[in-house]
Structures are given as C-alpha cells and as structure tokens.
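Trainee: Sequence:
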Amino acid sequence: MWAVQTGITVLKRKLKNLAEVEEGFVPKEVSKGEKREEKIEEKNIFCEEDEEEIDETNAKLLEKQLIASKLSLSNEIGDEKKAIVRLLSELRELRNKLPESEQNLLTESQKATNNLSQQRPLKYNNNNKQHVGSQTNKEQRNGEKDDNTDWEQLCAEEERKNAELLAELIRYRRICSQLRSRLEYVTLLVNLEKNNQHPTKLINDFENNSSQTEDSANLLITRF
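Residue numbers (full-length UniProt numbering): 1 to 224.
Treat the hints as calculated values from the structure; they're not laboratory data. Keep in mind the model is a prediction, meaning the values are calculated, not measured. Treat the hints with care, as some may be off.
To be verified - Derived pair list, reagent style DMTMM-like, types lysine to aspartate or glutamate, alpha-carbon separation capped at 20 angstroms:
{"no.": "1", "residue 1": "64", "residue 2": "80"}
{"no.": "2", "residue 1": "194", "residue 2": "184"}
{"no.": "3", "residue 1": "82", "residue 2": "184"}
{"no.": "4", "residue 1": "97", "residue 2": "80"}
{"no.": "5", "residue 1": "64", "residue 2": "108"}
{"no.": "6", "residue 1": "70", "residue 2": "80"}
{"no.": "7", "residue 1": "81", "residue 2": "184"}
{"no.": "8", "residue 1": "97", "residue 2": "168"}
{"no.": "9", "residue 1": "97", "residue 2": "159"}
{"no.": "10", "residue 1": "81", "residue 2": "63"}
{"no.": "11", "residue 1": "82", "residue 2": "164"}
{"no.": "12", "residue 1": "82", "residue 2": "150"}
{"no.": "13", "residue 1": "161", "residue 2": "150"}
{"no.": "14", "residue 1": "82", "residue 2": "93"}
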C-alpha cells in the first residue's frame with residue numbers, strides 16, 4: 001500500500017510539473033529539487049518492489065520445503081509401522097516355536113513386569129539415580145511386551161472372526177444347494193403334469209442326479 005501511495009504522489013507531481021512547464025513559469029531550482037526527490041522516490045519504490053518479490057519467492061520456497069519434509073516424514077512413519085508389524089509377527093512365530101514351559105515362563109514374567117510398571121515410580125535424587133535408570137529401562141521393556149500381547153490378542157480375535165464367517169458361509173452355501181435341488185424337483189413335477197407323463201422313472205432319475213449334485217456341492221464346500 002505504501003508503495004502504491006508513493007507512486008500516486010510521484011505521478012501527481014509529474015502532472016503538476018508538466019502543467020507548470022506548459023504555463024511557462026517553472027523556477028529552475030524548484031524543478032531540480034523536485035526531480036531529485038522524484039528519482040529518490042522511484043528508486044525506493046523499485047527497491048521495495050524487489051524486496052516484496054524476494055519475500056514472496058522465499059515464502060513459496062519455504063512452503064515447498066515444508067511440504068516435501070512432511071511427505072518424507074509421513075513415508076518414513078509408514079515404513080516404520082510396517083517394520084514394527086513385521087517384527088511383531090516374527091516374534092509371535094518365534095514364541096509359538098518355543099515349548100509350553102518356556103511360553104508359560106514368558107507369560108509369568110510379563111505379568112510380573114506389568115505389576116511392576118503399575119506401581120508408583122520412585123522419586124529422582126542423586127542417591128537413587130542408577131536405580132531409577134534401571135527402572136525406566138524395565139518399564140520400557142514392559143511397554144514393548146504389553147504391545148506384543150495386545151497385537152497377539154488382536155490377531156487371535158481376527159482369526160476367530162474369520163473362522164466364524166467361513167463356517168457361516170459354508171452353512172449358507174449348503175442351504176442354497178438344497179433349495180436349488182428342491183426347486184428343480186418341483187419344476188420337474190409341474191412339467192410332467194403338464195405333459196401328462198408318468199413321473200416315476202423320471203423322478204427316480206432326478207433323485208439320483210440330485211444326490212450326485214449334492215455330493216459335488218459338498219465337495220466344493222469342503223474345498224472352499
């Protein structure tokens with residue numbers, strides 16, 4: 001705004017000088033002083049415009065750098081999360097390979113460390129500095145173990161839900177196959193009645209075929 005106002009004042013002075021030149025009574029000393037002032041003001045205007053352009057470019061560059069750093073940090077966080085999930089799965093696999101006695105010992109040690117972590121921490125002073133440091137390390141390890149147990153519980157819960165859904169899907173598929181066979185049986189009887197044919201032989205053939213189709217459906221279900 002200040003640069004615009006100064007530009008307006010410079011233009012007004014130029015118009016005034018042109019009007020005075022046309023009238024023919026412009027003093028030389030005054031005109032020289034005004035010209036110097038106009039040159040100084042023009043220089044100041046150009047300098048301010050250059051500074052504003054530099055500030056805008058710096059702000060744009062800074063914004064781009066911040067966006068790039070944010071994207072890189074988010075990518076690093078995603079990679080670290082994937083690595084954590086992978087390591088937790090490896091820990092679960094290693095724990096499952098251990099014998100039951102060692103697994104029981106691990107669960108008991110986890111319970112003991114959880115109880116210790118729930119206790120009140122000691123106050124910090126010069127006498128118990130080493131004790132507090134060891135306790136903080138234990139608490140960190142306990143927190144990691146708690147995270148492992150949480151992930152194991154979530155994994156077991158998801159596996160249980162998956163098994164339930166699979167059993168439900170198999171049950172519905174069996175019901176659908178039975179309904180389809182009944183529907184075909186009913187349509188066959190209707191067609192026989194329309195054509196005035198004796199349905200005994202065809203019904204027996206149909207029952208044999210339906211039993212074969214049910215066996216094939218059961219095979220498909222077990223394979224699924």
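Trainee: Are the hints correct? Go through all of them and say.
Mentor: Going through the hints against the structure:
Proximity of residue 64 to residue 80 is assessed by CA-CA distance (about 24 angstroms); at most 20 angstroms being required, the pair is judged violated. The hinted pair formed by residue 194 and residue 184 meets the criterion: a straight-line CA distance of about 15 angstroms does not exceed 20 angstroms. Proximity of residue 82 to residue 184 is assessed by CA-CA distance (about 52 angstroms); at most 20 angstroms being required, the pair is judged violated. Of the supplied pair hints, the one linking residue 97 and residue 80 is violated, its CA atoms being roughly 26 angstroms apart against a limit of 20 angstroms.
Note on residue 64 and residue 108: the hinted pairing is violated, with a Cα-Cα distance of about 52 angstroms set against a maximum of 20 angstroms. Pair hint residue 70 plus residue 80 holds up; C-alpha atoms about 15 angstroms apart against a cutoff of 20 angstroms. Note on residue 81 and residue 184: the hinted pairing is violated, with a Cα-Cα distance of about 54 angstroms set against a maximum of 20 angstroms. Taken as a hint, the residue 97 and residue 168 pair is broken in the structure, with Cα atoms around 31 angstroms apart against an allowance of 20 angstroms.
Among the hinted pairs, residue 97 with residue 159 is consistent with the structure: their alpha-carbon atoms are about 19 angstroms apart, no more than 20 angstroms. With a C-alpha separation of about 27 angstroms, the suggested pairing of residue 81 with residue 63 is violated against the 20 angstroms cut-off. Under the criterion of a C-alpha separation no larger than 20 angstroms, the hint pairing residue 82 with residue 164 is inconsistent with the structure, at around 28 angstroms. As the CA atoms of residue 82 and residue 150 are separated by approximately 17 angstroms, the hinted pair is consistent with the 20 angstroms bound.
Proposed proximity of residue 161 and residue 150 is supported: the alpha carbons are some 17 angstroms apart, at most 20 angstroms. A C-alpha spacing of about 17 angstroms is found between residue 82 and residue 93, which places the hinted pair at or below 20 angstroms, so the restraint holds.
In summary, the structure is inconsistent with hints 1, 3, 4, 5, 7, 8, 10 and 11 from the numbered list given earlier, while agreeing with the others.
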